[in-house]
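Residue numbers (the working numbering), protein chains in the order written: chain R, 351 to 644; chain W, 882 to 1120.
Note that these hints are calculated values from the structure, not bench results.
From a predicted model like this one, the values you see are computed outputs, not experimental measurements.
Do not rely on the hints blindly, as some may be mistaken.
[As the list claims (entries may be wrong)] Okay, derived cross-link-like pairs now, DMTMM-like style, lysine to aspartate or glutamate, Cα gap no bigger than 25 Å in a straight line:
{"hint": "1", "chain 1": "W", "residue 1": "LYS1018", "chain 2": "R", "residue 2": "GLU518"}
{"hint": "2", "chain 1": "W", "residue 1": "LYS1009", "chain 2": "R", "residue 2": "GLU531"}
{"hint": "3", "chain 1": "R", "residue 1": "LYS446", "chain 2": "W", "residue 2": "GLU972"}
[To be verified] FRET-style restraints, in silico, Cβ to Cβ:
{"hint": "4", "chain 1": "R", "residue 1": "LEU461", "chain 2": "W", "residue 2": "ASN1077", "range": "56 to 64 Å"}
{"hint": "5", "chain 1": "R", "residue 1": "PHE515", "chain 2": "W", "residue 2": "ARG941", "range": "53 to 61 Å"}
{"hint": "6", "chain 1": "R", "residue 1": "ILE416", "chain 2": "W", "residue 2": "ILE998", "range": "30 to 38 Å"}
{"hint": "7", "chain 1": "R", "residue 1": "GLY415", "chain 2": "W", "residue 2": "GLU972", "range": "53 to 61 Å"}
{"hint": "8", "chain 1": "R", "residue 1": "GLY466", "chain 2": "W", "residue 2": "ARG941", "range": "36 to 44 Å"}
{"hint": "9", "chain 1": "W", "residue 1": "SER1093", "chain 2": "R", "residue 2": "PRO544", "range": "46 to 54 Å"}
{"hint": "10", "chain 1": "W", "residue 1": "ILE998", "chain 2": "R", "residue 2": "TRP419", "range": "41 to 49 Å"}
{"hint": "11", "chain 1": "W", "residue 1": "GLU972", "chain 2": "R", "residue 2": "ASN390", "range": "13 to 21 Å"}
{"hint": "12", "chain 1": "W", "residue 1": "LYS892", "chain 2": "R", "residue 2": "MET409", "range": "55 to 63 Å"}
{"hint": "13", "chain 1": "R", "residue 1": "HIS449", "chain 2": "W", "residue 2": "PRO1015", "range": "24 to 32 Å"}
{"hint": "14", "chain 1": "R", "residue 1": "PHE515", "chain 2": "W", "residue 2": "LYS1009", "range": "49 to 57 Å"}
{"hint": "15", "chain 1": "W", "residue 1": "LYS1009", "chain 2": "R", "residue 2": "GLN485", "range": "26 to 34 Å"}
{"hint": "16", "chain 1": "W", "residue 1": "ASP951", "chain 2": "R", "residue 2": "LEU461", "range": "44 to 52 Å"}
Note that beta-carbon positions come from the ideal geometry of N, C-alpha and C, so glycine has one too.
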Amino acid sequence: MEILGISSQALFGQVLIGFINGAFYAMLSLGLAVIFGLLNIVNFAHGAQYMLGAFVTWMLLNYLGINYWLALVLAPVCVGLFGAMLERTMLQRIYKLDHIYGLLLTFGVALLLEGGFRQQFGVSGMPYAIPRELQGGQNLGFMFLPNYRAWVIVASVVVCASTWFLIEKTRLGSYLRAATENPKLVQAFGVNVPMMITLTYAFGAGLSALAGVMAAPIYQVSPVMGSNIIIVVFAVVVIGGMGSISGAIVSGFALGLIEGLTKVFYPEASSTVIFVVMAIVLLVKPAGLFGRTA
Amino acid sequence: MLDVSKPVRLKVEGLNAYYGESHVLHGMNIEVGRGELVTLLGHNGAGKTSTLRAIMGLIRRNGSIRFDGDELARMPANRIARRGIGYVPEERGIFASLDTTENLLLPPVVKDGGMSIAEIHTLFPNLKERARSPGTKLSGGEQQMLAMARILRTGADFLLLDEVTEGLAPVIIEQIGVVIRLLKERGFTILLVEQNFPFAATVADRHYVVESGRVVDMVPNTALSNPDEVSRLHSYLGI
Ligand SMILES: Nc1ncnc2c1ncn2[C@@H]1O[C@H](COP(=O)(O)OP(=O)(O)O)[C@@H](O)[C@H]1O
Ligand SMILES: [Mg+2]
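Please model the complete structure; the sequences and the hints are all you need to start from.
Pasting the structure below:
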């Protein structure tokens, strides 16, 4: 079967890769959006925290013999704690300054982390085996679907949907949304907003680490994996609308898919298509597709 | 001049407050007794809003703010609120990303004895009808009612109200007056900032006159039967 001269195998294969990339874009841009919303900081350390998640997973297995399923919990907790410490000891000192300082500080942290791991592990990247329970795949007739990839897509959809629900539909989420608008007033109602900010940053960092755990068996575990993906994720956040939760999720998946399809129909543009979309969105709707104009 | 039968709940002494380098309160002194309704009157820019912000811990301040025996001047805002102080800001502070009900339920309960939602809906029937509207789609009057209602839910029994009648139609002002008198009957202690002196005179026990970040005079509401006192007050306010 062929569509526009392209075999359906190739087409669905790229759609699947698009979905997988989209799953990571969505999880990462989601955390960035939450952090930007409340802290007003463009968290340049987000990619490094994703890389850290993958490395913790790799180290847990290779140094301590702790498997993927436990890493799924332990790595986000470790990186979340790291995030909480970073927020308490450094970010908290610069909220009064211009946003650019937050960007510079987190960028510096990202460089330090990446440099440290590069020193220790080199840049070539290390493999991480797919957990036994998820090896193999399903023949769907029109394509072969590896079980691990199906798991990543389902898990990321669940993670994104639960985060969306938590923020948009629960009482805790209403604190977060309100504090995003007017933190001082929320604090004047009796909410410990500084604590909430620390936990939110930790949550965002934990979310990126969770993406890192899921990425370990798909991409190579490498010190540069974060900086490779983070620029695209920033573009996704800008397209979705800075700070918009649903915008981050929807544009994450959509742009992964667009990227995958571009690879089929016009491969030369596949690495730039997201930035083209970003430029168009910024021209037509500067606040992003789902953004509120202030 | 303070009614001695009423123990002091709030005693502000030598309160200074600042926005960055700009020094806006210069040694404010205020006392509010239990169950009293005291107003801060004065021109625009006199420092009334800043006084409430300073008590609430929202701006940098020093001096003494004793509340029910505790010193608030070095506490962060969230701990001050937990003492049972409810704040209705001048700009109302309704959250755009929350609907009416979410706005109403936002402030955490800080004390027992807060009003139930049913009671709040009886006091402010509009809020029930608009339960699912985004907060900022409400009219000015509805936003003001929401800003007050959400505080009444929390059990706070000391209220800081900043210009709750500002820009509202006379019927709405009347409705808010009814609520404020009801709160007084229930024993709430209230510090009310007002520009609308005729309104203030219908609800208050005492008035402080604020000028350039200082309290320059205090007039009991009962003294307003004396024409001399009234003209003195009017001369401050330029009425
Ligand atoms: N956010 C702010 N930043 C700097 N100065 C302010 C701010 N808000 C008020 N001021 C200044 O503080 C003084 C007192 O203002 P305010 O407390 O709002 O007065 P009032 O409520 O009596 O009208 C004024 O000189 C005003 O210009
Ligand atoms: Mg004012």
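Hints, one by one, checked against the model:
For the hint pairing W:LYS1018 with R:GLU518, the CA-to-CA distance comes to about 18 Å; that is within 25 Å, so the pair holds. For the hint linking W:LYS1009 to R:GLU531, the alpha-carbon distance of about 24 Å falls within 25 Å, and the restraint holds. In summary, the hint linking R:LYS446 to W:GLU972 is supported, as the alpha carbons are separated by about 22 Å, within the 25 Å threshold. At roughly 58 Å, the beta carbons of R:LEU461 and W:ASN1077 sit within the given window of 56 to 64 Å.
Distance hint for R:PHE515 and W:ARG941: a CB-CB separation of about 39 Å, inconsistent with the stated range 53 to 61 Å. The hinted window of 30 to 38 Å between R:ILE416 and W:ILE998 is violated, with their beta carbons roughly 48 Å apart. At roughly 58 Å, the beta-carbon separation of R:GLY415 and W:GLU972 lies within the given 53 to 61 Å, and the hint holds. At about 39 Å, the beta-carbon gap between R:GLY466 and W:ARG941 stays in the expected band of 36 to 44 Å.
Against the hinted window of 46 to 54 Å, the Cβ-Cβ separation of W:SER1093 and R:PRO544 comes to about 33 Å, which falls outside the hint. The hinted window of 41 to 49 Å between W:ILE998 and R:TRP419 holds, with their beta carbons roughly 44 Å apart. At about 20 Å, the CB distance of W:GLU972 to R:ASN390 agrees with the hint of 13 to 21 Å. Look at W:LYS892 against R:MET409: about 59 Å separates their beta carbons, and that is inside 55 to 63 Å.
Roughly 27 Å separates the CB atoms of R:HIS449 and W:PRO1015, a value that falls within the hinted 24 to 32 Å. Roughly 26 Å separates the CB atoms of R:PHE515 and W:LYS1009, a value that falls outside the hinted 49 to 57 Å. Distance hint check for W:LYS1009 and R:GLN485: the Cβ-Cβ separation is about 57 Å, which falls outside the suggested range of 26 to 34 Å. A hinted range of 44 to 52 Å for the beta carbons of W:ASP951 and R:LEU461 is consistent with their spacing of about 47 Å.
Checked against the numbered hints listed earlier, the structure breaks hints 5, 6, 9, 14 and 15; every other hint is satisfied.
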